[in-house]
Amino acid sequence: AQSVTQLGSHVSVSEGALVLLRCNYSSSVPPYLFWYVQYPNQGLQLLLKYTSAATLVKGINGFEAEFKKSETSFHLTKPSAHMSDAAEYFCAVSRAGGTSYGKLTFGQGTILTVHP
Amino acid sequence: GAGVSQSPSNKVTEKGKDVELRCDPISGHTALYWYRQRLGQGLEFLIYFQGNSAPDKSGLPSDRFSAERTGESVSTLTIQRTQQEDSAVYLCASSFRTSGTTDTQYFGPGTRLTVL
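Protein sequences, first through last, are from chains V and Z. If you use our numbering, the first sequence corresponds to residues 348 to 463, in order. If you use our numbering, the second sequence corresponds to residues 12 to 127, in order.
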């Protein structure tokens, strides 16, 4: 079974400050990991994904995440927050290889607030 | 339109009524997924289609829930005898193929279901 834990349901940062959204996963097989963003009244949009290539993954809008197997983590970071980054962020995991089919297991989500 | 579309965007119904939610995937996408997002919670997997067959229905919460898909096109999620706990946003996603689980799932904007 797989699971995802996002630490902190709400994160608040100042504009220009570092953004750090935490995600830990549990998986009995090598995982694929994803970060999605959901802006108000919009569908989920993929930010980035880890698929067993480079452990540091760069995504859209200046976000990146690092896969750390020893820590079972896939934290999302951005060096400098912008007001437009305010949204809800979801970490998700799927199985890699075998007869898996891409089913995503999501974390509970983290709402990011950016204040001036 | 290039994206996944869902209809209706909002549905308010009375307890005990049946509802149908529609998903139009991206053209050419063979895989289609339904997820549910209840207030304050992450997304829960409901069902997955490969073509018009559903290899995994394990996420459907009860026998009141059913879904079908026509070829590699439209899917309908039906909820019979709706209950208040069915109130949620129902999200549909599609991806090009499932042989590789790195394929990005593209999400629709969702249908917000409210059961009074």
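No lab work stands behind these hints, which were simulated from the structure alone. We put the beta carbon where it would ideally sit given N, CA and C, even for glycine. Among the hints, a few may not be true.
[Stated by the list, open to error] Cβ-Cβ distance ranges computed for the label pairs, FRET-style:
#1 S375/V / E25/Z: 15 to 23 Å
#2 T424/V / S69/Z: 49 to 57 Å
#3 D67/Z / G363/V: 42 to 50 Å
#4 R108/Z / S375/V: 22 to 30 Å
#5 N388/V / G70/Z: 46 to 54 Å
[To be verified] Okay, the calculated bits of chain V under chain Z, using three or more residues with CB under 8 Å as the criterion:
#6 411–422
#7 429–436
[To be verified] Partner residues are not named here, just some residues of chain Z that face chain V (Cβ under 8 Å, in silico):
#8 L54
#9 F56
#10 Y59
#11 N63
#12 P120
We went through each hint and held it up to the structure:
Under the hint 15 to 23 Å, the C-beta atoms of S375/V and E25/Z, about 43 Å apart, miss the expected range. Roughly 34 Å separates the CB atoms of T424/V and S69/Z, a value that falls outside the hinted 49 to 57 Å. Roughly 44 Å separates the CB atoms of D67/Z and G363/V, a value that falls within the hinted 42 to 50 Å. In this structure, R108/Z and S375/V meet the distance hint of 22 to 30 Å, their C-beta atoms being roughly 24 Å apart.
Between N388/V and G70/Z the CB atoms are about 25 Å apart, so this pair departs from the stated range of 46 to 54 Å. With 0 residues bearing a CB less than 8 Å from a CB of chain Z, the region 411–422 of chain V misses the requirement of three and the coverage assertion fails. Residue count for the region 429–436 of chain V with a Cβ under 8 Å from a Cβ of chain Z: 0. That is fewer than the three needed, and the coverage hint is violated. Interface hint at L54/Z: satisfied, since its Cβ lies 4 Å from the closest Cβ of chain V, which is below the 8 Å cut-off.
The interface hint given for F56/Z is met, as the beta carbon of that residue sits about 5 Å from the closest beta carbon of chain V, less than 8 Å. Of the supplied interface hints, the one on Y59/Z holds, with its beta-carbon coming within about 6 Å of a beta-carbon of chain V, less than 8 Å. About 15 Å separates the beta-carbon of N63/Z from the nearest beta-carbon of chain V, more than 8 Å, and the hint is not met. With its C-beta approaching chain V no nearer than about 4 Å, P120/Z sits inside the 8 Å limit, and its interface hint holds.
Violation of the numbered hints given earlier is confined to hints 1, 2, 5, 6, 7 and 11; the remaining hints are satisfied by the structure.
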